[in-house]
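A.B. asks: The chain contents come next:
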Amino acid sequence: MLLRSGFIILLQRGALEPLKPVTATTRILLGAGFFALFLGLWAMATEGGYVQPLFLASPGRALAAGWSLLTEYGFLGDMGMTVWRVLGGFLLAAALAVPLGLMMGAYKGIEAFFEPFISFARYLPASAFIPLLILWAGVGEAQKLAVIFLGSVFQIVIMVTVIAGTTRMDLVEAAYTLGARRSGILRRVIIPAAAPQVMEALRLVLGWAWTYVIVAELIGAQSGIGHMIMDSQRLLDTGQMIFGIVVIGLIGLVTDLLFKLLNRRLFRWVAL
Amino acid sequence: MQGLSIRGLTRTFPGQGSAGPTLALQPTDLDVAPGEFVSILGPSGCGKSTLLRIVAGLDRPTGGSVTLSGRQVTRPGPDRGMVFQSYTLFPWLTVEQNILFGLRERRVPQARAREIAAAYIARTGLRGFEHHWPRQLSGGMQQRTALARALANDPEILLLDEPFGALDHQTRELMQELLLEVWGADTPAARKTVLFVTHDIDEAVFLASRVLVMSARPGRVKAEVPVPLPYPRDWMVKTTPEFAALKAKLMGEIREEVRKAALA
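Sequence lines, in order, name chains C and B.
Terminal number for the first sequence in the numbering used here: 274, no gaps in between.
Terminal number for the second sequence in the numbering used here: 1212, no gaps in between.
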């Protein structure tokens, strides 16, 4: 019944015409609608007794567990730790990878030197390095940062290389005829032309960095969201585990949004 | 030796795959005096753009040489300003910043550079658009900016590679008049040398004091037609019998080449 009437409303609003854009209101309503549907199904499965609480907590219980985590167990501190690790490892990776990628994209000789190795290193799973990294760096922060660094750095290099390498040749030629030399081409054409896409690539990789940090925190950590999830497993507290996962999703969503806003602010010419 | 001098210029493109090398340009000689406006007319793929790109230093000849006022051309430089057919404004820079690009590259003091930019913004009718981004401009406005950007460097020669080729017919005619206006604003002795590549006969005749017709590939200059119409010219010139006669003559020359190019 509900699905049927929903379908009819969509048809009436013209939201099911191929490739036709929908209004902002319709879009927001639809987006919120799926969240509501998801929550409803979850609540039905758990509150209705179809799934044992041992395996899946109800939304209400997850929320209550989250509240006690925040008020009694200092979960905000864990969140802070996790955010700092992601940002720390990610920024270190970006600081190395972006300049290297730009150089590789701009200068084919440098690309030929690094590219085969980086293509290979890109497929080394960061999580498989965790035991080795613990051996090298212990279970402290350096090890956590290293996991995220390893997980992000090669991806960023490859993406930035491709972006910088596909700079429009006619813009480069125009710059040459205006008197630019080699350094000017890199500084005043390749870098500004690549900048918006590089920021988009960073936004994407930051999302991946979030998955690495949790893996890093599942093993040998004393704090962080991943550590809390691991602890909750020992207590079979699915409410806390789910709350932790949802928090990761929310932080990811917020950083993504902030990144998008920053890009829009920095590169107003792109959206014209 | 002032002006542009081209001697025995050839260009062969290496073959790709099983195809053999392509001769794009047969040995070509050409002299252009300072202040001359020369159109190079030819069918698509006749090597006219290749010729221009070699003069610009963006392509290397297989043989022969290009000298500009006695200096051999080996690489691109600000003494040869260029406007391309494709829109090549830097999309992250405003109109004014685009025009300032070459001046900054040449370390012209900022106050002086802005003065120069303002002068060319005025000459090309871009006032009020200084702070627009290229994507906010029509094709015609973008090419005005590209022209102003090339001129701001005060080049010795202006290389125009079908700059109005992507514009609609009406805009194109307005731009031709604008170009003549900007070029003719200097005293005859101070005028820029211009090499204008096009496949449009009207355009070639209307603008130039001399039209070179290039043959179908492999390209060579097969005919040279002086245009004795006095400057300044406006669109009315296109309605005169002299213009019609020149056009008829060039049409005869070019039809044959277009037919050959189509069959090749």
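Everything labelled a hint here was simulated from the structure, so no lab data went into it.
Just so you know, even glycine gets a beta-carbon here, dropped at the ideal spot from N, CA and C.
Incorrect hints may have been included.
[To be verified] Short, incomplete list of chain B residues facing chain C, as computed with Cβ under 8 Å:
1) Thr1022
2) Gly1025
3) Phe1032
4) Pro1039
5) Glu1053
6) Val1056
7) Pro1057
8) Ala1059
9) Arg1060
10) Phe1077
11) Trp1081
12) Gly1087
[Unchecked claim] Stretch-level coverage of chain B by chain C, calculated; a stretch enters the list once three of its residues show a Cβ under 8 Å from a Cβ in chain C:
13) 999 to 1006
14) 1183 to 1189
[Stated by the list, open to error] If the Cβ cut is set under 8 Å, some of the chain C residues that face chain B in the computed set are:
15) Leu173
16) Ala182
17) Gly186
A.B. asks: Against this structure, judge whether each hint is valid.
C.D. replies: Evaluation of the provided hints:
1. The interface hint given for Thr1022 (chain B) is violated, since its Cβ lies 12 Å from the closest Cβ of chain C, which is over the 8 Å cut-off.
2. Because the beta carbon of Gly1025 (chain B) sits about 6 Å from the nearest beta carbon in chain C, less than 8 Å, this interface hint is met.
3. A least Cβ separation of about 6 Å between Phe1032 (chain B) and chain C falls short of the 8 Å threshold, and the interface hint therefore holds.
4. For Pro1039 (chain B), the interface hint holds, the least distance from its beta-carbon to any beta-carbon of chain C being 6 Å, beneath 8 Å.
5. Annotation: interface hint on Glu1053 (chain B) holds; nearest CB of chain C at approximately 5 Å, less than 8 Å.
6. Given hint, Val1056 (chain B) at the interface with chain C, is violated; its Cβ is 10 Å from that chain's nearest Cβ, farther than 8 Å.
7. Given hint, Pro1057 (chain B) at the interface with chain C, is violated; its Cβ is 16 Å from that chain's nearest Cβ, farther than 8 Å.
8. At its closest, the beta carbon of Ala1059 (chain B) sits 19 Å from a beta carbon of chain C; the interface hint therefore is violated under the 8 Å criterion.
9. For Arg1060 (chain B), the interface hint is violated, the least distance from its beta-carbon to any beta-carbon of chain C being 16 Å, above 8 Å.
10. For Phe1077 (chain B), the interface hint is violated, the least distance from its beta-carbon to any beta-carbon of chain C being 14 Å, above 8 Å.
11. For Trp1081 (chain B), the interface hint holds, since its Cβ comes within 8 Å of a Cβ in chain C; the closest pair sits about 5 Å apart.
12. Against a cut-off of 8 Å between C-beta atoms, the interface hint on Gly1087 (chain B) is violated, since the closest Cβ of chain C lies about 15 Å away.
13. Residue count for the region 999 to 1006 of chain B with a Cβ under 8 Å from a Cβ of chain C: 3. That meets the three needed, and the coverage hint holds.
14. A stretch counts as covered by a chain when three or more of its residues have a beta carbon under 8 Å from one of that chain; for the region 1183 to 1189 of chain B and chain C the count is 0, and the coverage is violated.
15. Interface hint status for Leu173 (chain C): upheld, as the beta-carbon distance to the closest one in chain B is roughly 6 Å, under 8 Å.
16. Evaluation of the Ala182 (chain C) hint against chain B yields a held restraint, the C-beta minimum of about 5 Å falling below 8 Å.
17. With a least beta-carbon distance of about 6 Å to chain B, the hint placing Gly186 (chain C) at the interface is held under the 8 Å criterion.
Comparing the model with each numbered hint stated earlier shows that hints 1, 6, 7, 8, 9, 10, 12, 14 do not hold.
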